[in-house]
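Since the structure of chain U is provided, determine the placement of chain D on it from the hints.
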Amino acid sequence: SQTIHQWPATLVQPVGSPLSLECTVEGTSNPNLYWYRQAAGRGLQLLFYSVGIGQISSEVPQNLSASRPQDRQFILSSKKLLLSDSGFYLCAWSAKTGGKGYTFGSGTRLTVV
Amino acid sequence: DAKTTQPTSMDCAEGRAANLPCNHSTISGNEYVYWYRQIHSQGPQYIIHGLKNNETNEMASLIITEDRKSSTLILPHATLRDTAVYYCIVRGLDSWGKLQFGAGTQVVVTP
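Taken in order, these protein sequences are the chains called U and D. Residue numbers for the first sequence follow my numbering, so the first one is 1 and each next one is one higher. Residue numbers for the second sequence follow my numbering, so the first one is 1 and each next one is one higher.
The shape of chain U in the complex, shown without the other chains (with noise of 0.2 Å):
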């Protein structure tokens, strides 16, 4: 069966300081993956999304940048970390045809501070 593994669960870390969230997928190859985040009390924002290695699509412009340096791996970068980046961030795979949608891992609170 697939799994999605993301960590850490949670982080706290000062202005200015980099940031490098892992995302793993088991299980199944060639998925397509996400990043979302879920600010304090807001809905749930598509940041990235990935077909395949290599391929980064941004939805919106942020701080943030996303990778992909293997099919099952996809990883959350930023540089410099600002207050405004503290949230649950939320990886997420699903299939290139249909079916059941999105699994989403148990996500990594991130605390700016």
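The set of hints was computed from the structure by calculation and includes no laboratory data. Note that the coordinates shown come from a computational prediction; the quantities given were computed from them, not determined experimentally. Glycine included, C-beta positions come from ideal geometry on N, C-alpha and C. Be aware that one or more of the hints could be misleading.
Partial chain D-side listing against chain U, Cβ under 7 Å, derived [stated by the list, open to error]: (1) Tyr-34; (2) Gly-43; (3) Pro-44; (4) Tyr-46; (5) Lys-98; (6) Leu-99; (7) Phe-101; (8) Ala-103.
Listed next, the in silico DSBU-like pairs over lysine-lysine satisfying Cα-Cα at most 30 Å (straight line) [claimed, not checked]: (9) Lys-98(D) to Lys-69(D); (10) Lys-52(D) to Lys-98(D); (11) Lys-69(D) to Lys-3(D); (12) Lys-52(D) to Lys-96(U); (13) Lys-3(D) to Lys-98(D); (14) Lys-79(U) to Lys-98(D); (15) Lys-3(D) to Lys-96(U); (16) Lys-69(D) to Lys-52(D); (17) Lys-80(U) to Lys-98(D); (18) Lys-52(D) to Lys-3(D); (19) Lys-98(D) to Lys-96(U); (20) Lys-69(D) to Lys-96(U).
Quick look at chain D alone, frame taken from chain U:
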């Protein structure tokens, strides 16, 4: 993808059926209706999806009107663990598919 409209919140008594409405009047012929839910501090969880026929699985039933302009998610016997935000999303099935979440409906199941 077509937009959806859902009530902001609704309450449901434990053990009773919860009927969650969703309007998607601009849905196109190749777009599916998906339902997800998000329990507090967790990632969204897939519930069910459908195109035009009614669907049922172990979690819920999905009723889609004949004109496909609205749908209802039915939780047959709500439990306290069903308290969550429920999202109705319309999207096409393509390799670039991106789920865009709206505000959803906050469902509170009370004893």
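Tested hints:
| no. | hint | result |
| --- | --- | --- |
| 1 | Tyr-34 | 5 Å, holds |
| 2 | Gly-43 | 3 Å, holds |
| 3 | Pro-44 | 5 Å, holds |
| 4 | Tyr-46 | 5 Å, holds |
| 5 | Lys-98 | 6 Å, holds |
| 6 | Leu-99 | 6 Å, holds |
| 7 | Phe-101 | 4 Å, holds |
| 8 | Ala-103 | 6 Å, holds |
| 9 | Lys-98(D) to Lys-69(D) | 21 Å, holds |
| 10 | Lys-52(D) to Lys-98(D) | 21 Å, holds |
| 11 | Lys-69(D) to Lys-3(D) | 11 Å, holds |
| 12 | Lys-52(D) to Lys-96(U) | 22 Å, holds |
| 13 | Lys-3(D) to Lys-98(D) | 13 Å, holds |
| 14 | Lys-79(U) to Lys-98(D) | 26 Å, holds |
| 15 | Lys-3(D) to Lys-96(U) | 23 Å, holds |
| 16 | Lys-69(D) to Lys-52(D) | 10 Å, holds |
| 17 | Lys-80(U) to Lys-98(D) | 27 Å, holds |
| 18 | Lys-52(D) to Lys-3(D) | 17 Å, holds |
| 19 | Lys-98(D) to Lys-96(U) | 11 Å, holds |
| 20 | Lys-69(D) to Lys-96(U) | 26 Å, holds |
Taken one by one, the earlier hints all hold for this structure without exception.
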